[in-house]
Amino acid sequence: MTFRLEGRGLACERDDRWLFRGLDLSVGPGEIVRVEGPNGSGKTTLLKILAGQLAPQAGELAWGERPLRRVRTEYLANLLYLGHAPGVKTALTALENLAWYQALHGERGDTASRLTALAALGLRGFEDVPAAQLSAGQQRRIALSRLELTPRPLWILDEPFTAIDREGVAALEARLWAHAAAGGGVILTTHHALPGHGTLRRVSLGEAA
Amino acid sequence: MRLVEPRGGLVVALVATVRRELTLSLRRRGEIINPLVFFALVITLFPLGISPDPERLAAIAPGLLWVAALLATQLSLDALFRGDHDDGSLEQLLLAPQPLPALVLAKVAVHWLLTGAPLALMAPLLGLFLSLPAGSYGVLAISLALGSASLSLIGAIGAALTVGLARGGVLLSLLVLPLYIPVLIFGAGAVQVAILGGDVAPWLALLGALLALALMLAPWAIAAALRISLNG
Chain A
4 MTFRLEGRGL ACERDDRWLF RGLDLSVGPG EIVRVEGPNG SGKTTLLKIL
54 AGQLAPQAGE LAWGERPLRR VRTEYLANLL YLGHAPGVKT ALTALENLAW
104 YQALHGERGD TASRLTALAA LGLRGFEDVP AAQLSAGQQR RIALSRLELT
154 PRPLWILDEP FTAIDREGVA ALEARLWAHA AAGGGVILTT HHALPGHGTL
204 RRVSLGEAA
Chain B
6 MRLVEPRGGL VVALVATVRR ELTLSLRRRG EIINPLVFFA LVITLFPLGI
56 SPDPERLAAI APGLLWVAAL LATQLSLDAL FRGDHDDGSL EQLLLAPQPL
106 PALVLAKVAV HWLLTGAPLA LMAPLLGLFL SLPAGSYGVL AISLALGSAS
156 LSLIGAIGAA LTVGLARGGV LLSLLVLPLY IPVLIFGAGA VQVAILGGDV
206 APWLALLGAL LALALMLAPW AIAAALRISL NG
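Residue numbers (the working numbering), protein chains in the order written: chain A, 4 to 212; chain B, 6 to 237.
Worth double-checking, as some hints may not be accurate.
[Stated by the list, open to error] Okay, the calculated beta carbon distance ranges per label pair:
1. B/91 / A/19: 52 to 58 Å
2. B/55 / A/42: 19 to 25 Å
3. A/19 / B/171: 18 to 24 Å
4. A/127 / B/8: 17 to 23 Å
5. B/213 / A/63: 42 to 48 Å
6. A/194 / B/27: 21 to 27 Å
7. A/27 / B/84: 22 to 28 Å
8. A/75 / B/31: 30 to 36 Å
9. B/207 / A/68: 42 to 48 Å
10. B/24 / A/75: 42 to 48 Å
11. B/213 / A/154: 44 to 50 Å
[Unchecked claim] Footprint (simulated), chain A over chain B, 3 or more residues, beta carbon under 8 Å:
12. 10–23
13. 27–34
14. 222–230
Keep in mind the hints are simulated off the structure, nothing from the lab. The beta-carbon is built from N, C-alpha and C at its ideal position, and this holds for glycine as well.
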């Protein structure tokens, strides 16, 4: 079974100004779509619309040929969305944060898999430290370790490189391409170049619409 | 890459949410203790401010205890969704492939367990300060336990509606206080009736009915309110 998220004629208006209008976008297996545009051009809003959080003012979203609002639960079960805010509770440890996210997807999971995911993001030794004592980059890494922990075909990532150091950026870029190579799809906003071999498609916002 | 079938796991999600909320609250004890301290302070000040005369105090004790408990609950409600909203876990909660009303109900249940239930347990003790007549202490605790659960549920609707606003506190009070009034009337009424030696069962039954109604409707209203707030 394959998947495809398609947006047709999406539009969003803020304060009597069209952020974007008549936007077509589609992502399927093996594709990385980068949403580009200057600050304030509606990148985050577009990602929220694609994640089913916001309703577009016009246009339709479809998940595998069917309207998204009809198959919302199926869609959400296949989606991993990391927003602008990392969604990491600073009073909880990395392990506790991950355990809750796993449980939200109905998986009990086990500590071993969570430790492996955290180690993959370079957080070995920080598993039991309250996230408040970690740096912004490390907190972002906790959120990113969900990419390892809960395999989902479609990733929607809002500025995933924020606060990540140079090695981390390279590793994450490689991870994104590996995900695409394994048949996953990624939609992301970033100002990074994303060098790699594969189809990187661009969607540009912020041109006079 | 294979598609993932949605496979329920609601119980796992609920248990984890309850555990997470409990852990979070126990790590920030101040937030639990605040409403209790407020409740105790208000009640201890009344005998000083009004009169130490037991008869006078006993006449107004049920109302005072109930109003103070209601305001203490109200104080703690603003924080119910705010933390989750600020760090982004609220949007993750909304994107979980689980029914949102059930998840928010778990959050509200923990709120009641750590605010309403302790208030109900503390109230008889504070009743002593107001020389509440003997025989009404049990009713006071039961009416507060039932009533504060309704208050948590109703207040959570307001908290969900105002979570996107920078300073939602005042608006939250204005929104939910009118809905608190029936609970206050029946709750304080039950204690009053117990003091007068009447039959409290109908009063408690009414409080129970309000709670049942709130349990049925509030989770859906809270979920809808959260979606509206995040849509803004």
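Going through the hints against the structure:
Roughly 28 Å separates the CB atoms of residue 91 of chain B and residue 19 of chain A, a value that falls outside the hinted 52 to 58 Å. Residue 55 of chain B and residue 42 of chain A have their C-beta atoms about 59 Å apart, which leaves the hinted 19 to 25 Å range violated. The supplied range of 18 to 24 Å is met by residue 19 of chain A and residue 171 of chain B, whose beta-carbon atoms lie about 22 Å from each other. Roughly 32 Å separates the CB atoms of residue 127 of chain A and residue 8 of chain B, a value that falls outside the hinted 17 to 23 Å.
Hint check: residue 213 of chain B to residue 63 of chain A, Cβ distance near 46 Å, so the stated range 42 to 48 Å holds. Checking the proposed 21 to 27 Å range against residue 194 of chain A and residue 27 of chain B shows it is violated: the Cβ atoms sit about 40 Å from each other. For the hinted restraint 22 to 28 Å between residue 27 of chain A and residue 84 of chain B, the CB-CB distance of approximately 42 Å leaves it violated. Restraint check, residue 75 of chain A to residue 31 of chain B: a C-beta distance of roughly 34 Å satisfies the suggested window 30 to 36 Å.
Checking the proposed 42 to 48 Å range against residue 207 of chain B and residue 68 of chain A shows it is violated: the Cβ atoms sit about 57 Å from each other. Checking the proposed 42 to 48 Å range against residue 24 of chain B and residue 75 of chain A shows it is violated: the Cβ atoms sit about 26 Å from each other. At about 46 Å, the CB distance of residue 213 of chain B to residue 154 of chain A agrees with the hint of 44 to 50 Å. Here the segment 10–23 of chain B counts 11 residues with a CB under 8 Å from a CB of chain A, which clears the bar of 3, and the coverage holds.
Note: the segment 27–34 of chain B has 4 residues with beta-carbon separation from chain A under 8 Å; the three-residue rule is met and the coverage holds. Residues of the segment 222–230 of chain B lying with their CB closer than 8 Å to a CB of chain A number 0, which falls below the three-residue condition for coverage.
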